[in-house]
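Enquirer: Chains A and B, in that order, are what the protein sequence lines are.
Per full-length UniProt numbering, residue 1 is the first one in the first sequence, and the count goes up by one each step.
Per full-length UniProt numbering, residue 1 is the first one in the second sequence, and the count goes up by one each step.
Hint data in this document are derived by calculation from the structure and do not stem from the laboratory.
It is possible that some hints are incorrect.
With a straight-line cut-off of 30 Å between C-alpha atoms, the simulated DSSO-like cross-links for lysine-lysine are [as the list claims (entries may be wrong)]:
(1) Lys91/A with Lys193/B
(2) Lys23/B with Lys91/A
(3) Lys6/B with Lys111/B
(4) Lys105/B with Lys88/A
(5) Lys88/A with Lys243/B
(6) Lys11/B with Lys171/B
(7) Lys16/B with Lys82/A
Here are the chains, one letter per residue:
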Amino acid sequence: MSVLSSSIARKVAMALSALFLIIFLIIHLAVNLTSLFSAEVFNEASHFMGTNPLIQFAMQPVLIFGVVFHFVMGFVLELRNKGARNVKYAKFNGAASSSWASRNMIISGAVILAFLVIHFLDFWIPEINTKYVLGDMTGMHNGEFRYFEELQHKFVPMWRVAAYVVAFVLLGMHLMHGFQSAFQSMGFNNKYSSCVKTFGKCYSIVIPLGFIIVALFHHFNH
Amino acid sequence: MNLTLKIWRQKGPQEKGQMVEYKVTDISEHMSFLEMMDILNEGLVAKGEVPIAFDHDCREGICGMCSLHINGEPHGPDRGITTCQLHMRTFKDGDTIYIEPWRAKAFPVIKDLIVDRMAFERIQQAGGYISVNTSGNTQDANAIPIPKLDADLSMDAAACIGCGACVASCKNSSAMLFVSAKVSQFALLPQGKVEAADRVRNMVKQMDDEGFGNCTNTGACEVECPKGISLENIARMNREYLKASII
Ligand code: HEM
Ligand code: SF4
Ligand code: FES
């Protein structure tokens with residue numbers, strides 16, 4: 001990992017993995033949103049995503065690598081940074097000079113990670129099991145596509161909906177700081193930076209809110 | 001006004017330190033913060049106690065020696081000033097004030113409130129200069145045309161006094177603002193471009209070797225910096241570093 005031996009290289013790698021996740025979230029949300037108005041479209045889209053070889057065997061491994069890289073690197077950086085101050089201040093007024101979100105990326109990140117574990121257990125593992133262990137690539141159950149029904153079923157329990165809401169609020173905070181931070185890390189700071197910041201803030205609200213709406217919608221309409 | 005001070009006392013680099021409480025009375029609001037410290041020390045000396053060691057030199061905000069972490073912020077609660085420019089009118093009668101040294105593994109405490117900032121010196125030695133021939137036929141710097149904006153930005157970066165408040169304020173003890181100011185002041189000028197790639201590589205390597213943390217762009221350094229050094233310098237250093245690594 002000699003390319004990642006310098007602090008700046010690690011920061012840039014962190015930013016690149018984050019930008020990749022940011023793009024992924026848009027695609028994921030776009031598919032989820034179709035479930036609000038059409039079970040059919042959602043089924044088609046899910047089936048395409050779940051069976052297209054390019055997505056399954058090229059995009060999916062890259063995505064998994066991106067997520068794992070991002071949070072492993074996040075933890076590594078956090079530990080190193082903690083170690084860079086061996087004696088703590090008796091009084092440290094962090095709020096005077098920086099936002100809560102910027103100082104607690106590891107907390108919002110850890111919550112997102114916990115959510116990802118639930119999310120994988122809920123959707124990803126059963127999918128992989130059905131498709132590649134049981135070998136059922138049809139996406140069918142009782143003669144119909146199963147995706148929409150599975151989705152509705154998952155959002156019945158209140159605890160899961162609550163977990164979704166909490167996780168996405170924290171994702172919003174992660175991105176409130178993270179979006180513009182990724183650009184700064186890559187050396188992008190110029191007259192367009194205020195646009196990046198504004199766009200980042202909109203993204204950090206709209207995308208998590210979209211996911212929350214999908215979860216709430218299916219909780220109350222099934 | 002009367003104040004309660006909680007001050008870090010530590011006899012030497014290897015000694016264990018602790019916060020010690022002191023009371024000062026009849027402090028004028030017109031006093032500077034360091035004058036208040038002087039009065040406290042005079043009292044300690046009169047009582048036969050060891051005075052509190054703290055760094056200071058010019059006492060007019062230009063040398064970068066003074067370095068107190070006051071009530072949780074480097075150089076105290078005011079913006080754009082050093083500790084020596086801080087006045088007691090910022091505080092109220094009856095206040096409790098925490099006074100601590102800069103905290104970073106790369107800035108070990110020497111005594112009480114004095115920390116060893118040689119790490120900054122070593123980063124400078126790794127590349128914070130330009131190599132010019134001083135044999136008597138040096139080219140006049142004014143003979144080289146430089147766009148006004150570049151000259152201004154370089155001058156802004158050069159305003160850094162190397163105080164270390166950026167490190168002290170950063171939750172990661174990152175020295176990126178300091179190093180980026182030193183990289184930028186040269187990178188922006190034609191004279192600095194010649195050695196730009198080696199400079200940024202070597203200075204960043206030294207910064208990492210000294211044990212400073214990673215920047216997470218919280219922006220605390222920019223807010224606390226007495227000289228208003230901008231985060232744009234960090235982005236510029238990242239660009240310079242990427243350029244130097246790729247080419
Ligand atoms: C889909 C989910 C996620 C997205 C979209 C995302 C996005 C981002 C972005 C944009 C940044 C800023 C990068 C930079 O400043 O260069 C960032 C930083 C960070 N992320 Fe995430 N993140 C996600 C998940 C996670 C997870 C699961 C963790 C687990 C711990 C995590 C931990 C961190 C940490 C600690 C940082 C700060 C690192 C630094 O700035 O040096 N993130 N993230
Ligand atoms: S960048 Fe600002 S805070 Fe940091 S050493 Fe220079 S003057 Fe001090
Ligand atoms: S004593 Fe010189 S800047 Fe404060």
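Enquirer: Tell me, which hint numbers fail for this structure?
Expert: The structure breaks hints 1, 5; every other hint is satisfied.
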